[in-house]
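The opening residue of the sequence shown carries number 1 in the working numbering; numbering runs sequentially from there.
Please keep in mind that the hints were generated in silico from the structure rather than gathered at the bench. Treat the hints with care, as some may be off.
Unchecked claim - With a straight-line Cα cutoff of 30 Å, these simulated DSS-like cross-link-like pairs (lysine-lysine) come out: (1) 94 - 118; (2) 82 - 118; (3) 174 - 82; (4) 82 - 94; (5) 313 - 359; (6) 227 - 94; (7) 174 - 94; (8) 77 - 94; (9) 77 - 118; (10) 77 - 174.
What the hints assert, rightly or not - Simulated restraints, written as ranges between beta carbons of each label pair: (11) 69 - 313: 46 to 56 Å; (12) 199 - 138: 17 to 27 Å; (13) 139 - 178: 16 to 26 Å.
Here the structure is a predicted model, which means the values were calculated and not measured. The C-beta atom is built at its ideal place from N, Cα and C for all residues, glycine as well.
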Amino acid sequence: MASVITLAQLNGASREEFAHLLDGTYEHSPWIAMRAWERRPFSTLAALKQALVATVRDSSREEQLQLIRSHPELAGKAMVAKTLTAESTNEQGKAGLTQCTPAEFDLIQSLNARYNEKFGFPFILAVRGPRGAGLGKRAIIEAFQRRVNNHPDFEFAEALRNIHRIAEIRLDDKFGTEPTLGHQVWDWAEALAQHSDPGFAEQGQLTVTYLTDAHLAVTRTLVDWMKSECGFDEVSIDAVGNVVGVYHGTDPNAHRLMTGSHFDTVRNGGKYDGRLGILVPMACVRELSRTGRRLPFGIEVVGFSEEEGQRYKAVFLSSGALTGQFDPAWLDQQDANGITMRQAMERAGLRPTDIASLKRNPARYLGFVEVHIEQGPVLNELDLPLGVVTSINGSVRYLGEVIGMASHAGTTPMGRRRDAAAAVAEWMVLVEQRAQAAPDLVATVGLLEVPGGSINVVPGRCRFSLDVRSTTDPVRDACASDILSALQAICDRRGLSFRIEETMRAAAAPSHPAWQQRWERAVGSLGLPVFRMPSGAGHDAMKLHDVMPQAMLFTRGENAGISHNPLESTNSHDIDLTIKAFQHLLSDLSASAA
Numbered sequence: 001m002a003s004v005i006t007l008a009q010l011n012g013a014s015r016e017e018f019a020h021l022l023d024g025t026y027e028h029s030p031w032i033a034m035r036a037w038e039r040r041p042f043s044t045l046a047a048l049k050q051a052l053v054a055t056v057r058d059s060s061r062e063e064q065l066q067l068i069r070s071h072p073e074l075a076g077k078a079m080v081a082k083t084l085t086a087e088s089t090n091e092q093g094k095a096g097l098t099q100c101t102p103a104e105f106d107l108i109q110s111l112n113a114r115y116n117e118k119f120g121f122p123f124i125l126a127v128r129g130p131r132g133a134g135l136g137k138r139a140i141i142e143a144f145q146r147r148v149n150n151h152p153d154f155e156f157a158e159a160l161r162n163i164h165r166i167a168e169i170r171l172d173d174k175f176g177t178e179p180t181l182g183h184q185v186w187d188w189a190e191a192l193a194q195h196s197d198p199g200f201a202e203q204g205q206l207t208v209t210y211l212t213d214a215h216l217a218v219t220r221t222l223v224d225w226m227k228s229e230c231g232f233d234e235v236s237i238d239a240v241g242n243v244v245g246v247y248h249g250t251d252p253n254a255h256r257l258m259t260g261s262h263f264d265t266v267r268n269g270g271k272y273d274g275r276l277g278i279l280v281p282m283a284c285v286r287e288l289s290r291t292g293r294r295l296p297f298g299i300e301v302v303g304f305s306e307e308e309g310q311r312y313k314a315v316f317l318s319s320g321a322l323t324g325q326f327d328p329a330w331l332d333q334q335d336a337n338g339i340t341m342r343q344a345m346e347r348a349g350l351r352p353t354d355i356a357s358l359k360r361n362p363a364r365y366l367g368f369v370e371v372h373i374e375q376g377p378v379l380n381e382l383d384l385p386l387g388v389v390t391s392i393n394g395s396v397r398y399l400g401e402v403i404g405m406a407s408h409a410g411t412t413p414m415g416r417r418r419d420a421a422a423a424v425a426e427w428m429v430l431v432e433q434r435a436q437a438a439p440d441l442v443a444t445v446g447l448l449e450v451p452g453g454s455i456n457v458v459p460g461r462c463r464f465s466l467d468v469r470s471t472t473d474p475v476r477d478a479c480a481s482d483i484l485s486a487l488q489a490i491c492d493r494r495g496l497s498f499r500i501e502e503t504m505r506a507a508a509a510p511s512h513p514a515w516q517q518r519w520e521r522a523v524g525s526l527g528l529p530v531f532r533m534p535s536g537a538g539h540d541a542m543k544l545h546d547v548m549p550q551a552m553l554f555t556r557g558e559n560a561g562i563s564h565n566p567l568e569s570t571n572s573h574d575i576d577l578t579i580k581a582f583q584h585l586l587s588d589l590s591a592s593a594a
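Kindly generate the complete structure, drawing on both the sequences and the hints.
Shown next, in the form of structure tokens:
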């Protein structure tokens, strides 16, 4: 086995020695290491990785293309001829590509040919996967089939991103290290994803809505981990189903840092949305407990039971309970099966009468921080693992319905129709145009339904949702007002009516400057560039913002940063960096408290 290398060796090496030590990190491309040598010294392994990424980013398009073409096809001619590099042989072997069935081999060869013909370079995939243990043939083939349909420019960038991921894992091999804590959190997320609501679980889809059996199973699992694996001093389930773990400071009565996120999901969602923000601080507490370390303050980790508003028309109900913003009227809302929220709570063993007592006293807390997967493409496109959030966009949501007249599709003349769906379609174009007219503004019609629709019936009703978000509340509200005025005008002209209900309103929540700076110092301590960005998505931190200082840290998402989707993904290296950033924030806070 080759001896491991160190940063001290690299920082003290000549250009040629440096390139020799990193040989094989990038397939048949020693020029990357030769140029990255000029970016020394490297304070961390993460800093070295970023220097290599920056070197490729600063190279010419032709050099980047040559780098991509330096990689072999998956299960291709080089594998058959046994001329792969040692690194590629190991990687393709771990992924099972050296044991393909004839049918699998033929399919991959067909995909290779189709991909090469379309893009002019081989399909590149980090086959050791997000945890480094190997993706498996099925996942590889699915990625192949999905990506062959991408736009050439996107796929060129995606190939480079996968090359950097391959290099990241190869560097671990050279340095004799691995992201142990990142692996732990990744494994926890996988275990939680085994619980899903009926109708989705059978299809291999992840859906966990408020107080279902799957939701309660996740609750029990978090409680068990906090008690048995992480060493929390207090673990409880509160009156709205939040899982609350407390790790005492040197003085059990000391002020606390609150952190956490939600563990419910959207329908057919991802494994990391919300849950990453629970599991990362759990890992930090686990390490504190394992080493017997206490801080000058306590840590309160909250697994918020509901944020997504999927089962009931109430969002942030669990974080709202902690800020005294739980609306008692929500208890009488019914789900699709006619079960009220009150009934669901009582069936789960919760006591709705105790909800008012959950309100926290802000004077007992230092602040609130939340880790979250980005849920967008920015960090992924910039090849950055972490981003510091500057503000959470303000948002407003509506559910509405346009009412016309259902009539025969064959006998009703076009000019005499009262078509509800056509009105909503016309309005949706205006929604898009209005949102495009201002920066940092988005508007989405995400739900669209024609109740009882039929192929030969002019739609008499059309239900819809509307979601408007912006970095500032006035911009958001002006857009929403214009959009609803446009709907009124369309309905008046078409002889229709509509009804609309505002289901959620959340003010923009700028990060507290001092807490944002703590995250910035934490990211910088890892040798990473500090990148600041707003959050377009709403988070539990928005609710806590009303009563205490808050700031967020984003973790890069893979697969173009997609979220609310089964393809939502991150890797154990980025999770590990997130944990280290969180640990640095705790140390920073301890130093200031002392």
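Problem - Non-conforming hints, listed in increasing numerical order - result: 6
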